[in-house]
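Given the coordinates of chain A, work out where chain B with the ligands should sit on it, guided by the hints.
Taken in sequence, the protein lines are chains A and B. Counting from 1, one number per residue, gives the positions in the first sequence under our numbering. Counting from 1, one number per residue, gives the positions in the second sequence under our numbering.
Hints are computed from structural coordinates only; laboratory data are not their basis. None of the hints are false.
Cut-off 25 Å, straight-line C-alpha distance, at most; resulting in silico cross-link-like pairs (DSS-like, lysine-lysine):
| # | chain 1 | residue 1 | chain 2 | residue 2 |
| --- | --- | --- | --- | --- |
| 1 | A | 53 | B | 25 |
| 2 | B | 25 | B | 54 |
| 3 | B | 8 | B | 68 |
| 4 | B | 24 | B | 8 |
| 5 | A | 53 | B | 68 |
| 6 | A | 53 | B | 119 |
| 7 | B | 54 | B | 142 |
| 8 | B | 2 | A | 52 |
| 9 | A | 52 | B | 68 |
| 10 | B | 68 | B | 25 |
A few chain B positions that, by computed beta-carbon distances, are all more than 12 Å from chain A:
| # | residue |
| --- | --- |
| 11 | 61 |
| 12 | 85 |
| 13 | 118 |
| 14 | 157 |
| 15 | 169 |
| 16 | 173 |
Heads up, incomplete: computed chain B residues facing chain A, CB under 7 Å, no partners named:
| # | residue |
| --- | --- |
| 17 | 1 |
| 18 | 2 |
| 19 | 3 |
| 20 | 4 |
| 21 | 5 |
| 22 | 6 |
| 23 | 8 |
Where is the CB? At the ideal position from N, CA and C, for every residue including glycine.
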Amino acid sequence: MQEVSLLPTFDFSEVFSTASGAIFQSDSERCWYVDFAGKLARFDYRNLLKLKKAVYQVDIEQKLLSNDKSPDVEILFICASDHCYVLSLLQVIALKELLQGTFVMLELNHIICDRLYRIVA
Amino acid sequence: MKDIIRAKCLISSDVEALINQQIKKEAHSSAIYLSMASWCNRNGYDFSSEYFFKQAEEERMHQLKFYKYVLDMGGTAISPEITNIKIEYNSFREVFEEALDQEVSVTQSIKNIAARCHKEQDYVTLEFLNWFFKEQREEEYKARRALELFDVIGEEGTGRWQIDKHVGQIKYDSEP
Ligand SMILES: [Fe+2]
Ligand SMILES: [Fe+2]
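Just chain A, same shape as in the assembly (with noise of 0.2 Å):
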């Protein structure tokens, strides 16, 4: 008997992930997919380099070490893009480890595709 896949095919690929969340790229829709916080969002080149951006951008140290009575909370709002983050300051740290990695891991990729592919030997 023959299989049906009736699932329609994703081309995900795993680019880093860490215990908090997970990034995936779409080569098909040249784009990727963060599972982070309880929510899968997609973004494309743009909106992934301004959420890379966003994050980078908390003054993580600077909110540590202050001592008023603000909640802990980081609105990281993403212009243009559909998504927004409320997250605590460990969730903040979590997310940026998660977007190093996966900066790196696509740099990797980049070099790979250039060895691989792109020379001629």
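Coordinates of chain B with the ligands only, in the frame set by chain A:
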């Protein structure tokens, strides 16, 4: 896995950030020259004022050249905020001393971008920067020549009037 980022943008994020810094530097230069043009005009140095107006326009052109390069390569060009432009100078000579300082710092900062490009083997941006290296040769030459007029002519008597007249005639034509 596809290399999506490379397909979207030719320059690396580091080179992009350095060029955005340079865009700010050129805008800053332009604003400084404009301020120098104002000071020279107020103090009766018409030729120098004219010279600095022209320099201000050139710097603006440099800024746009970098700006468009970043966009053409798929990057994000950032329109800079320029503040703290000084209005008063202590002397006619000081204006030209600062003009030379400014040009030297611009040359150094473009060299710094080139160093990064070498490291990344970004030959495309290196080739683009060559135009600026040639330009800086001229810019530094002119700024240095202007300052030398102060020693050659001297500031006594009608010296400053003479210097001002000669500033308008400085040309660099060692090579087109
Ligand atoms: Fe310039
Ligand atoms: Fe210049």
